[in-house]
Amino acid sequence: MKHVIIGNSAGAIGCIEAIRHENTEDEIVVIASEPHHTYGRPLISYYLEGRTDRQRMKYRADDFYEKNCVQTMLGETVTKILPEEKKVALQSGDLVSYDKLLVATGSSPVIFPAEGLELVKDITTFTTLDDAEYLLERVNADARVFIVGAGLIGLKCAEGLRALTEHITVCDLAPRVLSSILPEQPARIMREHLEAHGLKFCLGTGVQRFSVAERGYVALLQSGEPIAFDLLVYAAGVRPNTGLIKDAGGEVNRGILVDEYGRTNLPDIYAAGDCTEAVDVCTGARKIMALLPNAYFQGEAAGRHMAGLAAEHTPLIPENAIGFFGKHILSAGIYPEALTPQEENTEEYYKCFYFDEAEGKLRGYILIEGFARAGIYTALVRDGTKLRPAQWERLRREPGLLAFDIMTRAKILRKKVGAK
Amino acid sequence: MKRIFAREEWCLACHLCEYHCANANLPHKEGGNFNAEMARNLKGRAIRPRIRVEEDDRVHFALSCRHCDEPACKKSCISGAISMINGVVCIDRDKCVGCYTCILACPYGTIVPSDDGHAAQKCELCMQNSCGEPACVAHCPNRAIVYEEVLDE
Chain Z
1 MKHVIIGNSA GAIGCIEAIR HENTEDEIVV IASEPHHTYG RPLISYYLEG RTDRQRMKYR
61 ADDFYEKNCV QTMLGETVTK ILPEEKKVAL QSGDLVSYDK LLVATGSSPV IFPAEGLELV
121 KDITTFTTLD DAEYLLERVN ADARVFIVGA GLIGLKCAEG LRALTEHITV CDLAPRVLSS
181 ILPEQPARIM REHLEAHGLK FCLGTGVQRF SVAERGYVAL LQSGEPIAFD LLVYAAGVRP
241 NTGLIKDAGG EVNRGILVDE YGRTNLPDIY AAGDCTEAVD VCTGARKIMA LLPNAYFQGE
301 AAGRHMAGLA AEHTPLIPEN AIGFFGKHIL SAGIYPEALT PQEENTEEYY KCFYFDEAEG
361 KLRGYILIEG FARAGIYTAL VRDGTKLRPA QWERLRREPG LLAFDIMTRA KILRKKVGAK
Chain U
1001 MKRIFAREEW CLACHLCEYH CANANLPHKE GGNFNAEMAR NLKGRAIRPR IRVEEDDRVH
1061 FALSCRHCDE PACKKSCISG AISMINGVVC IDRDKCVGCY TCILACPYGT IVPSDDGHAA
1121 QKCELCMQNS CGEPACVAHC PNRAIVYEEV LDE
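Those protein sequence lines, which keep their order, are chains Z and U.
Using the numbering used here, the first residue of the first sequence is number 1, and each one after it goes up by one.
Using the numbering used here, the first residue of the second sequence is number 1001, and each one after it goes up by one.
Treat each hint with caution, since some may be false.
Distance ranges between label pairs, derived from CB positions [claimed, not checked]:
no. : chain 1 : residue 1 : chain 2 : residue 2 : range
1   : Z       : 370       : U       : 1043      : 23 to 29 Å
2   : Z       : 222       : U       : 1084      : 50 to 56 Å
3   : Z       : 173       : U       : 1147      : 54 to 60 Å
4   : Z       : 215       : U       : 1029      : 57 to 63 Å
Just so you know, these hints were derived from the structure itself, not from any lab.
We put the CB at the ideal spot given by N, CA and C, even for glycine.
Let the sequences and hints guide you as you build the complete structure.
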């Protein structure tokens, strides 16, 4: 059996580790456009900041491929999948055959057209190690950086760059920061925190046009405000890399459509990670949940299925842990509008829970600081654990195993456990 | 494979395990007196032990990493800092960037931020520190925490 994996990040590694967990015989080939050893993609902002380096940010040890008997073709780009012949075509013209194929191609930053954008020569996106290297080369203390996008990518970039320059302005069409993961109130808390660390924001407005100035460039915002800058970071969103599957006749919405084992509708072709739309167990509907743990879980489920091992998968939910200048946000699940959020806002922390009283289930939560033992909440959301009102009240006040009955506790405290 | 197990019926909620855990994970001189150093090192200080006692009026027990066969923390780690070394789930402090995705992932709530806030820490069965055997077990006055071979069910 020969497994071919396109991509070399979390989805690919999850797949390799799942296959090798029980199977040492099958052949595994990894093909990826980036020439680098697998690295923790979200670590590029920590790299900018100097909190990690290229060696330490490797996602797996130097001997990972060798130990797992993986043949790597790094720096090679797959241009086409030939599902009928069960082969993939490379840019070099070579063909590689497969028995099972995993597409873990991730996503690409989107650059929306804007007047004068072509005049800006000092521009980058921020999703790869090479992007971080580009910024490290260019940004010094005098550099004025303009970041389009106040989401996870834009703000992590801003935090990393803050170690290099204090001139950072971030704009976003949304009226608040981190609009994809935070409602208004917690977003305000984070914005104030980010501003206190020297970031400037222009929210609820986009760029009307770019022009060249005597020094650097000027972005004229729709609000009428001009922003002078030397370097532009485009972080306004990403688009799943679905082209290979689409061209091969596979089902694609915004992302590649996959089931819980990562299967696409094409025979023996699987997909995992940021390029996919998978089922969010909170709603039962498919959506893009482009976060590293989910990519790993998906790759792992696909790997097990590809190698014919016991079909098991981790139910996927939106989940996020992210920190800025020492303030951490941990969140998971969904925030249904029909539910009244249970909020707590103090000097030290902000907590918000979406508890469905009719169903007795925790549907989602947001914690800014005050995140001790938050994984207990994540598990409640993921497993859809049924809770009595008093039980939930206890958990809300302090997450712990005390809220569970003695049999449940005994299982955890006295036996070997596994978190699937 | 030996693991730490808690026997809640024997736990007094004395919290000694938490102090011994914090002490064991401090740097110690070789041949020094662990217990003598504990008071000096920890008295009056906020500690971040890797084991914690949960208690209410009736029930008390000490909980630390379960060293899951399929660790959600390891699978979720964004930097590849968590690995399984001889069945022990370990965090490589140098690789960890302190994003706390592991805290988001651990279903038992057994991972905590380190003192400097730049990394996560957890029970590694005292394999990586100078103690050499689980300090919480060695010092539990009532054998409410034990270190035993895992029996397959």
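Evaluation of the provided hints:
Distance hint for residue 370 of chain Z and residue 1043 of chain U: a CB-CB separation of about 27 Å, consistent with the stated range 23 to 29 Å. At about 52 Å, the CB distance of residue 222 of chain Z to residue 1084 of chain U agrees with the hint of 50 to 56 Å. Separation of residue 173 of chain Z from residue 1147 of chain U is about 56 Å and conforms to the stated range, judged on CB atoms against 54 to 60 Å. The hinted range of 57 to 63 Å is satisfied by residue 215 of chain Z and residue 1029 of chain U, whose Cβ atoms lie roughly 58 Å apart.
This entry satisfies every hint, going by the numbered hints stated previously.
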